[in-house]
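K.L.:
Line by line, the protein sequences give chains A and B. Note that the working numbering has the first sequence beginning at 918, numbered continuously upward. Note that the working numbering has the second sequence beginning at 918, numbered continuously upward.
Hints may contain errors.
If chains are identical, the list can't say which one is meant, so a pair holds when it fits in one copy or spans any two.
[As the list claims (entries may be wrong)] Under the rule of at most 20 Å between Cα atoms (straight-line distance), these lysine to aspartate or glutamate pairs were calculated in the EDC-like manner:
no.	residue 1	residue 2
1	K1041	D1111
2	K1075	E1063
3	K969	E1059
These are calculated hints, taken from the structure and not from any lab test. Just so it is clear, the structure is predicted and the values come from calculations on it, not from any experiment.
Number of protein chains: 2
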Amino acid sequence: MLGVGPRVKTIRLASCYRASVTPPNAERRNQHSRRAILRAAYELALELGPAKVTVEAIASRAGVGKQTIYRWWPSKGAVFLDVLEEQVGTVSEMPDTGDVVADLKTQMTAVAELFNADFARFYKALIAEAQGDAAVAQGLAEQLAERAEGPRRDRLSKAQQQGQIRADIDLAAAVEMLYAPLYYRLLVGAAAPDSAQVSAVLDVALHGLAPSR
Amino acid sequence: MLGVGPRVKTIRLASCYRASVTPPNAERRNQHSRRAILRAAYELALELGPAKVTVEAIASRAGVGKQTIYRWWPSKGAVFLDVLEEQVGTVSEMPDTGDVVADLKTQMTAVAELFNADFARFYKALIAEAQGDAAVAQGLAEQLAERAEGPRRDRLSKAQQQGQIRADIDLAAAVEMLYAPLYYRLLVGAAAPDSAQVSAVLDVALHGLAPSR
């Protein structure tokens, strides 16, 4: 599905269904429409803020009918969660070069860069929406857990097994501690996240606050 | 001023002025009006979300004229920043018992509790506003820097001098690493911040990710 389909749980059902009944040309047209819808939703969210975007406006800009959108997504919020996933793209993937510290630095720096791009405006606005919309908040939290926190914990867990990370630490807390500072700066801090912040956080996180004995 | 006056920079000028010309009864009436305005703004923000609250509505509920509000605050956003300060109250103060780890635990737990109270709805909504309003964002970041990050860095700096915290760490990064996970859960996480999170983050932060040598 190349990451452009509806949300994950739906993708699986939909692909099974389409694989058996949809001819190749129709499948290509569906892909094309989906991309156009996600692109239109992203552009409109950047122009107006997600709160002011309507399904009608997305359909109109994408050149599809409103029903085409509702066939694949239950709500505007669900469209935006797929936009988010498409825009994040491969940045959420966790590298594995065998050196966990280098991999964390690479990935945290990529996230910091993403949080400075055009994408940051979209993401901040979507998170703002989530503060007053329980469905968007839940979708966002689930996507974060599945696409970001999970792979990060897995990478740290592997490093634990290889003796690169202390065996007795709480991996969920470690992931929050490393990545939450990037979100803090994106949403409430005075400065934007950057590679200097990544280096500083990683240094404190690796060696800890306690004086060495 | 007991923390209920207009924003800090204004307080100083205003108090100098009033100290010389305002009789005690008028000063008491001013205090009373200010408290009523902040209370009305807080209640309305909880009921409607800060975006939908107007200065007229605050004035009407507080039983004052609109001009009374504009005499003390330049905008609705400035009123909300003072509401925030009043609601946070003493929670932003950093204890100093001589044991920095105990003090961090006390203060981080107090913040986690605040982030679960009614206040959390107000704060989330104000942060949401900040994503699309540069003046609110700047006010929020300044208030955080002055009232929260500053005292936390100072406490860690003192602990450094006492040999309780590693001497060579970046204190700003340490403060972000400790407190950002609470904001992360408040704004985007699946679970609310709690004392278990505080303990887990503190443990990883103290001893670090790297295996002990």
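K.L.:
Next, verify each hint and record whether it holds.
P.N.:
Structure-based check of all given hints:
Taking the shortest alpha-carbon separations for K1041 and D1111, only the intra-copy value of 16 Å comes in at or below 20 Å, while the best inter-copy value is 24 Å. In this assembly of identical chains, K1075 and E1063 lie within 20 Å of each other by CA distance solely inside one copy; the values are 17 Å within and 40 Å between copies. Neither within a single protomer nor between protomers do K969 and E1059 lie at most 20 Å apart by alpha-carbon distance, with minima of 24 Å and 29 Å respectively.
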